[in-house]
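Engineer: The listed protein sequences derive, respectively, from chains A and B. At position 380 of the first sequence (counting the first as 1) the number is 380 in this note's numbering, and the numbers step up by one without a gap. At position 772 of the second sequence (counting the first as 1) the number is 772 in this note's numbering, and the numbers step up by one without a gap.
Any given hint could be a false lead.
[What the hints assert, rightly or not] Distance condition first, Cα-Cα at most 30 Å in a straight line; then the derived DSSO-like pairs of lysine-lysine:
| id | chain 1 | residue 1 | chain 2 | residue 2 |
| --- | --- | --- | --- | --- |
| 1 | A | Lys521 | B | Lys842 |
| 2 | B | Lys110 | B | Lys612 |
| 3 | A | Lys40 | B | Lys612 |
| 4 | B | Lys828 | A | Lys510 |
| 5 | A | Lys536 | B | Lys260 |
| 6 | B | Lys848 | A | Lys93 |
| 7 | B | Lys568 | A | Lys42 |
| 8 | B | Lys867 | A | Lys536 |
| 9 | B | Lys568 | A | Lys215 |
| 10 | B | Lys612 | B | Lys727 |
| 11 | A | Lys93 | B | Lys828 |
| 12 | A | Lys510 | B | Lys842 |
| 13 | B | Lys260 | A | Lys325 |
| 14 | B | Lys828 | A | Lys506 |
| 15 | B | Lys842 | A | Lys506 |
| 16 | A | Lys40 | B | Lys543 |
| 17 | A | Lys536 | B | Lys842 |
| 18 | A | Lys536 | B | Lys779 |
| 19 | A | Lys521 | B | Lys848 |
| 20 | B | Lys828 | A | Lys397 |
| 21 | A | Lys93 | B | Lys905 |
| 22 | A | Lys536 | B | Lys745 |
| 23 | B | Lys867 | A | Lys500 |
| 24 | A | Lys536 | B | Lys848 |
| 25 | B | Lys958 | B | Lys260 |
| 26 | B | Lys799 | A | Lys536 |
| 27 | A | Lys93 | B | Lys842 |
| 28 | B | Lys828 | A | Lys521 |
If you are wondering where the hints come from, they were derived from the structure by calculation, not from laboratory data.
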Amino acid sequence: MKVFTKMIQLSLATLLLAGCSKNMLDESSPNVIVADNLYKDKAGFDAGINGLYDEARRSRSGSTYGGSTNLMLEPAFVGVDNACGNYEDTYEKVFNNWGANNNASVIHYRYIWSWLYETINAANTIINRADQPNSLTDDEKNEVLAEARFFRAWAYRHLTYLWGDVPLTLEESSGSNIRTDWDRTPVAEVRDAMEADWLFAEQYLPETSPSNPGKVLKGAAQHYLAELYLAEDKDDQARDYALKVTTNPNYKLVTARYGVQATKPGTPFTDLFLEGNTNRTEGNTEALWVIQNELNVAGGEGDNIMRRYWVNRYYSLAATGTDGKSVNPIAVSAENGGRGIGRLSPTKFALSLYDDHDDRGSDFAWRFYYLINNPAGIPAGAKLGDTIRLDRTSNEKVTNPNWPSTRKWDYVSPQDVTVDRQYDDQAMIRSAETYLLLAEAYFKLGDLDNAKDAINALRERAHADPIATNQVTLDFILDERSRELFSEEERRYTLLRTDKWLERVKLHNKLAGSVVSDRDKLLPIPQNVIDANIDKAMPQNSGY
Amino acid sequence: MEINYHKLEQSNGLIKTCILIYLKIMKELFRNIIGLLLWCCLVLPMMAFSQEQTISGKVTDQEDQQAIADVTVTVKGKAIRVSTNSSGNYQIKATNTDVLVFSFVGYTNKEVRVAEAKGNTLNVMLSSNITNLEDVVVVGYGTQKRSDVTGAVASVDKSRLEQLPNTNFAQALQGSVPGVSVDQNSGGAEGNNNSIVIRGKNSITASNSPLIILDGIPYNGGISDINPSDIESIDILKDASSAAIYGSRGSNGVILITSKKGSRGKPVIAYDGSYGTQSYANLPDMLSPEEFYQYKRTREPNTPVTTSEQAVYDSKNFPDWVDLATRTGSRNQHTLGVSGGGESSKYYVSATYLDVKGIAVNDDFKRMSTRVNLEMNVTKWLTYGTNTQLSYNDRSGIAASFSGDYGAYRFNPLTTAYDAEGNLTVYPWPDDVYFANPLEGTLADNADETYKIISTNYLNVELPFIKGLSYRLNTGVEYTNRDQNTYYGRNTRTGLKDNGTLNQDASIQRNLLVENILNYNNTFGKHTISFTGLYSYQYDNIKGNSLEATGFPNDVLTYYQANVALSKAPEASYAKQTLISQMGRINYSYENKYLLTLTGRRDGFSGFGANKKYGFFPSVAVGWNVLQEPFMKDTGALTNLKLRLSYGSNGNQAVGVYQTLARLSERSYVNGSATAPGYVPTSLANPDLGWETTNSLNVGADFELWKGRLAGTVDAYSSKTHDLLLKRQISPVMGVDTITQNIGKTANKGIELGLNSVNIESKNFSWSSTANISLNRNKIVELYGNGKNDTLNTWFLGKPIDVNYDWVYEGVWQETDDLNASPQPNTKPGYAKVADLNHDGKIDARDKTIIGSRQPSFTWGFGNTFKYKNFSLYIFAQGVVGTNRNNTFLADNVNSGVRYNTTRKNWWTPDNPTNEYYANDVDANIYGVHLFESDSYLRIKDISLSYDLPPSIRDRLKLNRFKIYVNMRNWFTVTKWSGLDPELNTQDAIPLQKEFILGLNIGL
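Kindly generate the complete structure, drawing on both the sequences and the hints.
Structural biologist: Right, here's the structure in full:
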């Protein structure tokens, strides 16, 4: 009977619960973060800002969240004068073959678009909510707004370079107002918003941040402002903002050996890219913004695949022995920079740009040879440790393991030499690039002498021959950018900004040169963006 | 929050209570059974001597235990015959070896051995024998005589439930009921990946799964957690009126599963056992290693075949990956059940062991379950009952891989499966360490165990003073505990990469339901009225803890060493939803001729937006038993006819919890080497999210011809769904790609016919059939209220929900074609030809069109039973007609560098200018045009031959029942589909198994 008593008690309890049924249906989950309970105090806004840093970090990861394939910003890096696809998959084919391959259904365009607007909405949410009543002090509020606005403008920078006119939204998205009538805002208008954001950021971002090596600095905002003004042909302002960086002693170029391998053979330039040397706290004074990764730490997984994509498939390199048999003499190893899959590679043009004694074209910066290290793959007539020099005489071509690759992204996990991702910190922008923006501004203003000095600052550091004033041309500046910034800069943007893209791709890229057309200066708007705009036609970029 | 805490306490208490009751019952039962067995073994034989005696006793009705008068009692084989008197008593002279036969109109004949008499008393219970249209149907919150039902309610043919090798009830459902379609999504030992749809899809993106009610209680578990051997009946509520009692969850139909109950009388001990083998029904036609080698060299002549591939090719020592990943499976099932009952109780107790070894290597499924169904009349006015199942499922072991990057079908055949020591290789293709061994899962340490309690308990109280009024308290508890542990060691790629990979996942799911039901039932002259009222509260809660860890000093402690892991990522999940409901139903009938049902249900659901918590769902239905009319008495062949009409609205609440909130996803960063927690908004709030509502009209008729030789049901329906719970893709400019909203309308209409016939019935031979056919037409009526299609989501007004929308493949560009006039720039002979539908000279999104749909023209099922003497042959066929889809195996999806195998095709070459398939060239299909195929099929699902031991021999062996059978499942299929299997949704998956089963049923 005890059971029955319990049952009856339970049913009575249920009947009683009828009275308070209203709040029983309210939802609140202990494990779900919603906007209303996050952006309440400084810690909450900080979490939002950290989310933005992770979003920015994704530019060098796989195109789907958490993925390790299809480099997110690949369109910015290849299909240009100095880089192309080597081991082609669908994505690389687009930038080698263009034509029908470059169409509105390329799925990665969709991923890039979604990722950038996700970043913008995240920033908008922070910006909107920081303005509403909350527990932030004025200083805290400006600190939060500076970073959020920095990233919003940064996302629009990518959108405008890739697609031209894009919808401009500066408000937090809401579920009760799903817009199906977006317009493409003219680039100039989007740039006005970017300028406002970066000017605000420039005002409130710190000049240095010893306690947090990943923080974007004032210099980063000044750098992007300089670039923006160049694109808008406001060359005076470009020069002034570039000078704010290059004349700031905090951002001075690294000119001497330093850091983890200072006593080993190397160069000041290549020291910048070693793991343990990238952060300002580690001696890299020219860093303006360093993205952070960390092995085996929550939040440290950035799915970074720069090495995976830029390091060639040296383990597929075949060598024929004296017996006529072909073997693979090079095995994946830490000494060889870890395992890459060589999807992207330099063009022959990029390799041809360096003087003999330019550190940036040296064996420390590039893999021009390997040592036989595969006991199971020693060609007849050779031995372990013998050198195999790569062939640089042919033009760039696809599926070519016998081709140099940059060492800027070398990284080996202490746990597994074949791992896909890498966990090192990487400079997103260095003041070295600001010097080249400065050179571009001086060049456009006709001040070739100062342009020469800006360029020579980098050449001297790299032990390359200084140039004379009469050598300064726009093409020389672009060549210098390739020498200094190969695979770091978003090369496509640089060439589009200087209106040199089509000309230089045709001239220097042996795979894409014959097939690119004027149409390809802007990517096609992803088909899903057009299709979702049910109530208003969204014009496609011309030619698609 | 305080309230929630109290509820939690209650559920714990209830679970404890249930376990206590269960243990108590088990104890009682075992005591009884052991006593009984002793009695059978020792006492019975002593009594087996022949001596004439006078036997007396009472005959009562099995159900209501009322005495039955005028029952004929005869001694089998003799001329002795008596009848029971008005109090059901009889007296007859017989010897100990005689058998008494009890017969009475409307009841099943019963034979009882005199030896079973206790002393000289032999009490007998008879069970009613009511024909098809007269039997009782489970209708939700009670049962009804079929003749009184006004809605569209169908029952699953018993032969689909008995003696077939079902691992779950969905297999019994497939093809057996008009209007119900069951798709098997993938093969595998457990066979639980099914989708069930009743009367077409109402919902575009929300769930179309019906509500499952197990013994009166909404069931949330997996379909393979219910032991099919315990199922007595499956009834399906299809129209709005019958499903309206489940209100907000009824719009996709309701499946009512009733487990076996005991029946009063002496205990029946039954054993059902079967053993079978499984083999694959079909495999894709992949290239042989030599063909693959040639294919690879042709496709990318400039890419050298890697060193290790060449070595394998030269050695001719090829692995047959599919052969390595498959095996002859087996299936072993044994059920022991005891049922019976005394004056004040009925019981059914069973235990089942199921052991399936699937056709994929290491794909195993084991289930052990026990069930106790008990009903006790505590007093004249109080009844207590329980239906309780305890089960243990063991899914341990990770199967060989058939899908994904390491899937056996498409795996590069120029690789090595085993190293020189006979171990599976970590990197089967040493030159491309991206690839793990397709069999690496078999090396993982994996334990996956689930314990589950499903217990429904009820108290029924006959209330005093008002005749026919009763109160019922129903409680349901479902408690599931699943524990998964996996460790990949350094002998696998997954483990080697990270120095050991560990995954742990423990989850607890608790569902609690309390229903208060008031029933009233009475007859006033020609008026019969019944009323059911309900107030219920239900909550579902899932909590999970998982851990991913990597980097271990060694592999010795497998998944017991998380503490020394280099990297650990624990995660906790939680979801809770609450449903509060009130329901009322009135049934009225006049002279059993005119029937009326009115229902209404109000539901409140926590998952909906703050502004839309409650919904109300009414319905009305009428029925007319035409043949009860005096003027219809003389109808010749037509022996029964009922017409039905119903209209009502049902809801669909199928959204996950927390969908209405603006959630953020974790996107943490690092500050130096310290975690910097981060979040990014990834969903949009929708405080207005509410029910999806379906209004539907049903017209139906139940008929019977020639006294049941042919009986059937025909229904026509039309339903309209509005406020769809639509998960739509939105412009990514919003920063979020999808949102669930109440927008859009869909419509379904259809006709269903179900027939049962006895085609031939003679002394030794009979042939009976069940057949069903259903047609459903589904279309999208409206999306966003602007009359526009949504191309992005491929939703088109006036078209079915799941159309294929794509470019049209038009064959191959030939050397004779004018390539300069081609809309495809830079095309070459041998390239795939895409139709330029709008003739604008280019191929773009505007050239896509609808290429058929996943909606069948019709589906059908046809079962035949042939009986000759004691042999019985059952053949069941089932089919789907009029669907098509993209056959993914027809794409040369081999990756650059030809890293995957593909199926054999008739490739275009200059010497073979076919139009069938484009050239083997990396650029031959730049647009990625897909090839569509019909996946209609006809399948002989089951062939079952059984033999019953004749009663004369059975009696001598003192057996109630003895049957042996063989069953063949999935042996014959007719289809044009060239992929793996037309029934399977995923083609790159474990193949469908065909089975050969040998079984035995014994009853004592």
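Engineer: Tell me if the straight-line CA distance from Lys536/A to Lys848/B falls inside 30 Å.
Structural biologist: Between Lys536/A and Lys848/B the Cα gap is close to 20 Å, so the pair holds against 30 Å.
Engineer: Need the status of pair Lys93/A, Lys905/B: alpha-carbon distance at most 30 Å?
Structural biologist: Between Lys93/A and Lys905/B the Cα gap is close to 25 Å, so the pair holds against 30 Å.
Engineer: So if I understand the rule, the pair passes when the alpha-carbon distance is 30 Å or less; does Lys568/B with Lys42/A pass?
Structural biologist: Holds, at about 28 Å.
Engineer: Given the hint that Lys828/B pairs with Lys506/A, test it: the Cα-Cα distance must not exceed 30 Å.
Structural biologist: holds, 24 Å
Engineer: What's the verdict on Lys110/B and Lys612/B, does the C-alpha distance respect the 30 Å limit or exceed it?
Structural biologist: violated, 58 Å
Engineer: For a C-alpha distance cap of 30 Å, please report whether Lys867/B and Lys536/A respect it.
Structural biologist: Cα-Cα ~68 Å, so violated.
Engineer: Would you check the hint for Lys536/A and Lys260/B, treating anything up to 30 Å between C-alpha atoms as holding?
Structural biologist: This hinted pair is violated, its Cα atoms lying about 60 Å apart.
Engineer: Given the proposed pairing of Lys40/A with Lys612/B, does the C-alpha separation stay at or below 30 Å?
Structural biologist: At roughly 27 Å apart (the allowed maximum being 30 Å), Lys612/B and Lys40/A satisfy the hint.
Engineer: Can you confirm whether the C-alpha distance between Lys93/A and Lys842/B stays at or below 30 Å?
Structural biologist: Distance ~20 Å between Lys93/A and Lys842/B Cα, so the pair holds.
Engineer: For Lys510/A and Lys842/B, compute the direct alpha-carbon distance and say whether it is at most 30 Å.
Structural biologist: holds, 27 Å
Engineer: Would you mind confirming whether the straight-line C-alpha gap from Lys521/A to Lys848/B stays at or under 30 Å?
Structural biologist: Holds, because 26 Å separates the two Cα atoms, which is no more than 30 Å.
Engineer: Does the alpha-carbon distance linking Lys521/A and Lys842/B stay inside the 30 Å limit?
Structural biologist: Status holds; Cα separation ~20 Å.
Hints 2, 5, 8, 13 and 23 from the earlier list are contradicted by this structure; the remaining hints agree with it.
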